[in-house]
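Order-wise, the sequence lines are chains A and B. Using the numbering used here, read the first sequence as starting at 316 and increasing by one per residue. Using the numbering used here, read the second sequence as starting at 82 and increasing by one per residue.
These are calculated hints, taken from the structure and not from any lab test. Be aware that one or more of the hints could be misleading.
[Said to hold, decoys possible] Dumping the calculated DSS-like pairs for lysine-lysine here, alpha-carbon to alpha-carbon at most 25 Å:
| no. | chain 1 | residue 1 | chain 2 | residue 2 |
| --- | --- | --- | --- | --- |
| 1 | A | Lys541 | B | Lys145 |
| 2 | A | Lys551 | B | Lys139 |
| 3 | B | Lys145 | B | Lys127 |
| 4 | A | Lys356 | A | Lys519 |
| 5 | B | Lys177 | B | Lys145 |
| 6 | A | Lys551 | B | Lys177 |
| 7 | A | Lys551 | B | Lys156 |
| 8 | A | Lys433 | B | Lys139 |
[What the hints assert, rightly or not] Chain B residues, not near chain A, derived (Cβ > 10 Å throughout):
| no. | residue |
| --- | --- |
| 9 | Ser88 |
| 10 | Ser98 |
| 11 | Ser103 |
| 12 | Lys127 |
| 13 | Gly205 |
| 14 | Asp214 |
| 15 | Ser229 |
| 16 | Glu242 |
[As the list claims (entries may be wrong)] Computed spacing ranges between beta-carbons, pair by pair:
| no. | chain 1 | residue 1 | chain 2 | residue 2 | range |
| --- | --- | --- | --- | --- | --- |
| 17 | B | Thr239 | A | Thr468 | 46 to 56 Å |
| 18 | A | Asp434 | B | Asp213 | 29 to 39 Å |
| 19 | B | Lys126 | A | His476 | 13 to 23 Å |
| 20 | B | Gly128 | A | Pro359 | 38 to 48 Å |
Treat the numbers as computed from the prediction; the structure is a model and nothing was measured. Idealized CB from N, CA, C, for every residue including glycine.
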Amino acid sequence: MPRYLIWMPLTREIVGSVNTTFETYHNFIPDFSLFQESLTKPFPVHLRINSLLAHPSKVVSALRKKGLLMTRVCREYDTLYIAEDLPYPGNLLEYFLGHIHPQAMTSALAALALRPRKDALVLDMCAAPGGKSAHLADLMGNTGFMVCNDLYTNRHVSLGHTLSRLGVQNSVVTGYQAQEFPLRQPFDYILADVPCSCEGRFRKTPKDTQYRENKKKALLPDIQKKILLRGFDLLKDNGEMLYATCTYNPAENESVVNFLLKERDADLLPIHLGIAFEPGLSEWDNEIYDKRLTKTARLYPHHVDSVGFFMARIGRR
Amino acid sequence: MSIRWASSWPELADDDSRQAVSTYLLERFGIPLEILDKYYLFERKKGWFILGKSEQVKNGAHLKVSKVGLRAFRKVGHFIKPTTRFIQAFGHFASKSVFQMDRPQFETLVLTGEIPVDLTLEKGYVILTMEDDVVLGLGFYIHGTIRSQLPRSEIRETMLE
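So that you can see chain B by itself, here it is in the shape it has in the complex (with noise of 0.2 Å):
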């Protein structure tokens, strides 16, 4: 049976917007497409919301909401940029464009911003993880220079202590 949500909630995505999204995770980062099949994928002007399928989201369908789920992709330019959160939780399952910082790249990335790397990967976005299975967020790669695309406002020279 179908939920029918309050005006308030995002649309949910149509199936090729969601087709999207699935596709561009397995295409650019290998990230299983049945990973979302366990998600309501809604969709409000330039982003993705997920937010677990459960039996009891119908019951709560009639609330008027401000915010659903976890924001997990925004529309930029024609690429799909997934959010620092998506990939922290979800960055685990990727099986490509993944580049694992020794200490030295992230001092330089949390200083500078970005850092200068080799890789044979088409430009996009890269998942930055560390030791330890850390899953840091995301990156650039762009002319031999992955940018940091963690939110600057968070990055603190003290995380590097």
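Bound conformation, chain A alone (with noise of 0.2 Å):
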């Protein structure tokens, strides 16, 4: 696979107005004209306290003294908050002191669902621009050992910021091309978060009116696939994995993890958010699932009023 096909600047294409996006769709979505409705409404400011640098409850006072409404996402995690009339996270002082990440929650949700244990091996395959690694340190207390990879140079810079600026000290960058990682050592914990249509990304608005569909999407599972067979290879026996997107095409979700347990004697693990979610598909577009695909997890926007986004936890048989 040649090293440009991803991030190559690529011809989009119209599919349709917001009420007809997605429509092939439609059979799975549930409830799918308030999905539908939900892209008309602009993305809520979801920030992740990071406790590698602050006290969260400390960080929340700080900001509702500022006059923001802080409102937590759920129960279980006391580091997620939705903040509302927030248009430029970046600007305040606690983003400059590393006490703060602007982050969707869905993604945030990912580290959450691997969870790696204190003094891990984990490796992140495409970790920029960081918000995910930096989320993994925070887990893991900084300790044990975290490898963050990306291809990209450029986006190495972003990536080093992020680390940096949230007090990541436990991990180094590296940039090798995800699919073909050295295998030499196998890892605790391997997040895959994948690059993808990013069809749970897009919201209707004054700019955007129109879904563009990026024609390069159809040869974006052969590269997941090939993504998501390395990850597996790279696994420790009772090692854990997390493929994760931000598309609702079931042909780069459940289609791609499909591939893997045909391919290897791979298992899927319950996923444990917190919050409720949709279970993965058991068929699409004339193609029938492993039945163990309904453990994956589709969250969607009219749910989560978030990013859309798909994630499978793995383990080894």
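Make the complex out of the two chains shown on their own, each in a separate frame, by following the hints.
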């Protein structure tokens, strides 16, 4: 696979207005009209409190003193908040201090679903811009060792900046092609937040009223499968891996994981998020998936008011 | 057993270099010597980087790396200059050369880049803090003034709101 395949400038084509966008997913996205309605609303700002550098309650208190309305996303996590009426979190002092990180709530849930133990050996295969890597380091309490990999060296700048600002001290940055990451050393935990069509990030705005489909979308599953296989091959016997995308497209989600289940002695592990999610699909487009795919998680914007997301927690049989 | 680092890794700081940094932290800021014991200290060109010590690190030493750990110090002339990010993470261990700003002083620092103060302190770096145990970063004290050493591109007037 040529290295320029995913990030080369891509021609995009308009596939429909928001009223008809993702119509092909009508059969499996529940409450489809509510889903489409949710695409017309702007994304809320979610903040993750970085407990490596600050105590969550102190940060929340400081932000509330500034007049921000901070609402906890769910009872389970004291580090995830929705901040209403906050257009530019990067302008806050707390951002400079590394006390907060603006991050879609569903993105933050990825690290929480993997939840690496302290002192573990961790690999983030597609790490830039680093929000999830920093979250993993936070959950590990800066212990163990984490390899933050991203092929594109120009993305190492933002990755390095995020890790530094958030006080990460247990990591290195590498620049391997994810699907060719060296096999020499197996890992305890692996995050494969792979390049995807990013459908889950689409919202209708005055500037962007129609979803424009990436013409190269059809090529993505191939590279996603290669990355997932390599990730699995890098896993210790008792290791755990999280495959994640921000797309609704089953061809990039269940179909890719189904491929892994056929090719390797892999199993799907239950996902605990603390918020409700939809199970993965059992079939799509005349393809019947392994029954275990229902253990994967689909998160929709009209349910969680965040980026649409998919995740599969994977272990060895 | 010593670790065999791939050639892309920075050099591990030798004992003299490590002692110079530790001694500086102790003498200038009162940061205990043992703080750095928990870290590998790497040196490249005019900077030092820290990486948390762990049994796991050896398992990644063969990798070709582009960045290691957290950039912690720079050599600036005869001075060892801690980075903002190092100070934000470790400043709470300091027992001297710490200046707690009140709100008007913070505003002055952000708007003008310096604050007039009268400290019984030799010229050199000071750790800037604020109420509620907030460690902001570093300033440089000279001639009755603390000059901001905070990264200009990251300091905004909106932080005063």
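Checklist entry - Tell me, which hint numbers fail for this structure? => result Hints 5, 6, 7, 14, 16 and 17 are the ones this structure does not satisfy, whereas the remaining hints hold.
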